[in-house]
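Enquirer: This is what each chain is made of:
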Amino acid sequence: MTIFSERLQSHLGRTPERVAVYLQHSGQPDLPIPYHQLLRGANAYARTFAREKLQPGEVVILILQHGENLVYSFWGAVLHGAIPSIMPFLTEKLSPERYRADLAALISVTKPAAVVTYPEFEAEVRGALKDGDSVRAVIVTNKLEPQADPDFNMLAGMKRSENDIALLQHSSGTTGLQKGVALSHRAVFNQLDAYSQALNLNNGDVIVSWLPLYHDMGLIAGFLMPILSGVPLVLSSPFDWVRAPYKLMQSISQYKGTLSWLPNFAYNFCAQKIRDRSLEGMDLSSWRAVINCSEPVRWESHHAFHERFKSYGLKLEALQCSYAMAENVFGVTQTDLSRPPKVEEIDRESFMTERVARPPANGRPAMKMMSSGKPLSNTRIRILDEHGKDVRDGKIGEIALQSDCMLTGYYNRPDATEKALHDGWYLTGDYGYISEGEVFVSGRKKDMIIVGGKNVYPQDLESLTYEVPGVHAGRSVAFGIFNDEAGTEDVVIIAEVDSEDSLEHEKVADLIRQHVTKNSAIALRHVKVVGPKWILKTSSGKTARSANKEKFLKELELQG
Amino acid sequence: MAESIMIVLADYVSVKILKQPNRKIRPEEAIISSGLIDSFSLVDLALFVEDTFGVRIDDSELNAQTFDNLTQLASIIQTRQKK
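Sequence lines, in order, name chains A and G. Under our numbering, the first residue of the first sequence carries the number 1, and numbering increases by one thereafter. Under our numbering, the first residue of the second sequence carries the number 1, and numbering increases by one thereafter.
Next comes chain A alone, as it looks inside the complex (with noise of 0.2 Å):
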């Protein structure tokens, strides 16, 4: 066993000019960053962080953009023995005071010692922290010790042990407390050992990556795998990405790359969007994964992506997928490289109505799933029924897990860490069932929305809209429908008011659009404000969120 700091003293020493990251940015020349240059970048940090005097083992959160400050102050934590936490940085479609606000809530939460930051950005954080907090400095990135060369003697990181905890990964709520997930130095290693197993991890690999790193497809497939298993890694930034998609396909080309992550959105956007004149002299051929994982995946996103790109070199197998959480560090489960992913087709009927995955009898409408594949060789899965007694091979239940990679804790929450284990297994609140061996994982347990690999909750959207003047709390209800152009789902929110005058509800959709996105940076796809008694209530009161769905799609046919 070992800690990331001796991981990296271990590369230096092998392969110091071995290239870690090419970090990339749009209408800017790669930036190649050998290992020795890495270390020195983020002992700059490690030294700072020692100025400051944060202790090891306390916690700093990053809040930077994609870029050389964001990936050294990573490593400078590690080599500093502290506990990074990257949060996400501020982008136009938030409203700052929202985004102060769970700042705010994520310091009294995680407590933190530091939070580095541009001098720009660093009145923004300040707006955050109150007098008696755990923040004890804003480090900006322009008042750092110099770069050198570390003396690993000195280091506080390399007297961690295996068990302390190595980082913290937010998940990604849309508001409201956020649980950070605390993963040891142990259990790190642990995932990377069984998911590069499982991946055929090799010296010929070259990662590619757009993903963002507060998020664990990122953080551990984009990021810290490649880095700590010296596999040269192609680094650029999703707002990058999803301005210029044909950059992902350029890259590999470039660089020769072999593996790539992505959510099932990615596959449709790239195959939508993407001309042929960006594509020119373009050779997909290295490309021997492009994993599906971080939202449900289909399968006709898949072959919509292999139509698109196959004459220029893309294999049929590289389109795999994995089923993920940061619970467990990253992978679950991961389908075998050498062949596509099985699809079964089942009967669309016994799915719906008595949960189970079977063949369609003769001529029923039938429905294709896509497997995530076998669990990782570390990892040990169930299916349980609602009182946790296990089902039979093709039941649809709750998916635990167990493994020697699962988080310590979610991070000064036991109440939460108490709520997700028990005896040792971890209940992710998906669905899914097995068969042959291989996990199809079929919806979620919660009305969770997914949108482009971002988890939303539809209370925090519905709670949003009761802010906007007009609507009134408890009539609102937020709800995601899948859309099969983009490969994700489309947010939709209805809302009602008093007036049944067509150009008021205009302008309260307008107002609801904003306030939403404002305060949430997701976009909607359809705001629907309508008169009074258009939303179905239960007995009880409550908001039906899938008996309004219905009713939604149903109109939503009739208008074509």
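Treat the hints as calculated values from the structure; they're not laboratory data. One thing to keep in mind: the hints can contain errors.
Example chain G residues on the side facing chain A (calculated, C-beta under 7 Å, incomplete) [unchecked claim]: (1) Lys-19; (2) Ser-33; (3) Asp-38; (4) Leu-62.
Some chain G residues flagged as far from chain A (calculated, every beta-carbon gap over 10 Å) [unchecked claim]: (5) Gln-20; (6) Pro-27; (7) Phe-40; (8) Ser-75; (9) Thr-79.
Mimicking EDC-like on lysine to aspartate or glutamate, the simulated pairs with C-alpha atoms at most 20 Å apart in a straight line are [what the hints assert, rightly or not]: (10) Lys-19/G with Glu-557/A; (11) Lys-143/A with Glu-124/A; (12) Lys-395/A with Glu-436/A; (13) Lys-518/A with Glu-29/G; (14) Lys-446/A with Asp-385/A; (15) Lys-93/A with Asp-68/G; (16) Lys-518/A with Asp-68/G; (17) Lys-528/A with Asp-38/G; (18) Lys-16/G with Glu-555/A; (19) Lys-549/A with Asp-460/A.
None of these values were measured; they are calculated from a predicted model. Virtual Cβ for every residue (Gly too), placed ideally from N, Cα, C.
For this one, chain A is given, so just place chain G on it according to the hints.
Expert: Frame of chain A, contents of chain G only:
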């Protein structure tokens, strides 16, 4: 000329992006910085402009600094059409 471009753009934004056909997009109304159009839809807008008006909007131009309302976007389109 700019007028007719703006009518086409406003129609695309309200019908295709916002899915609120009755929603009027004012010529000076902020569409990006206000969060009205998210980054996913920006690419669609750029592809639409290219297909409809035969001018290219580079991916580095898809931000509120380059254009944030329909007047500004229409003026970019007109300038490029003249070249």
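Enquirer: All hints are to be evaluated individually against the structure, with a verdict given for each.
Expert: For each hint, the structure was consulted:
Of the supplied interface hints, the one on Lys-19/G holds, with its beta-carbon coming within about 6 Å of a beta-carbon of chain A, less than 7 Å. Residue-level restraint check for Ser-33/G holds (minimum Cβ-Cβ distance to chain A is 6 Å; threshold 7 Å). Taken as an interface hint, Asp-38/G checks out: its beta carbon lies about 4 Å from the nearest beta carbon of chain A, inside 7 Å. Satisfaction of the interface hint for Leu-62/G is found here, the shortest Cβ-Cβ separation to chain A being roughly 4 Å, below the 7 Å cut-off.
At the 10 Å boundary, the C-beta of Gln-20/G falls inside the reach of chain A, the nearest C-beta of that chain being 6 Å off. At roughly 16 Å from the closest C-beta of chain A, the C-beta of Pro-27/G stays outside 10 Å, upholding its exclusion from the interface. Distance check on Phe-40/G: its Cβ comes as close as 6 Å (rounded) to a Cβ of chain A, failing to clear the 10 Å threshold; non-interface status is violated. For Ser-75/G, the requirement that its beta carbon stay farther than 10 Å from each beta carbon of chain A is met, with the minimum near 21 Å.
Annotated as non-interface, Thr-79/G keeps its C-beta farther than 10 Å from every C-beta of chain A; the closest such distance is 21 Å. With a CA separation close to 14 Å, the supplied pair Lys-19/G and Glu-557/A stays within the 20 Å bound. Taken as a hint, the Lys-143/A and Glu-124/A pair is honoured in the structure, with Cα atoms around 17 Å apart against an allowance of 20 Å. For a cut-off of 20 Å, the pair hint linking Lys-395/A to Glu-436/A stands: about 12 Å separates their Cα positions.
For the proposed pair Lys-518/A and Glu-29/G, the alpha carbon gap of about 16 Å is at most 20 Å, so the pair holds. The hinted pair formed by Lys-446/A and Asp-385/A meets the criterion: a straight-line CA distance of about 15 Å does not exceed 20 Å. A C-alpha spacing of about 13 Å is found between Lys-93/A and Asp-68/G, which places the hinted pair at or below 20 Å, so the restraint holds. Note on Lys-518/A and Asp-68/G: the hinted pairing holds, with a Cα-Cα distance of about 17 Å set against a maximum of 20 Å.
For the suggested pair Lys-528/A and Asp-38/G, the alpha carbons sit about 18 Å apart, so the restraint of at most 20 Å is met. Of the supplied pair hints, the one linking Lys-16/G and Glu-555/A holds, its CA atoms being roughly 18 Å apart against a limit of 20 Å. Distance restraint check for Lys-549/A and Asp-460/A: the Cα-Cα separation of roughly 17 Å lies within the 20 Å cut-off, and the hinted pair is therefore satisfied.
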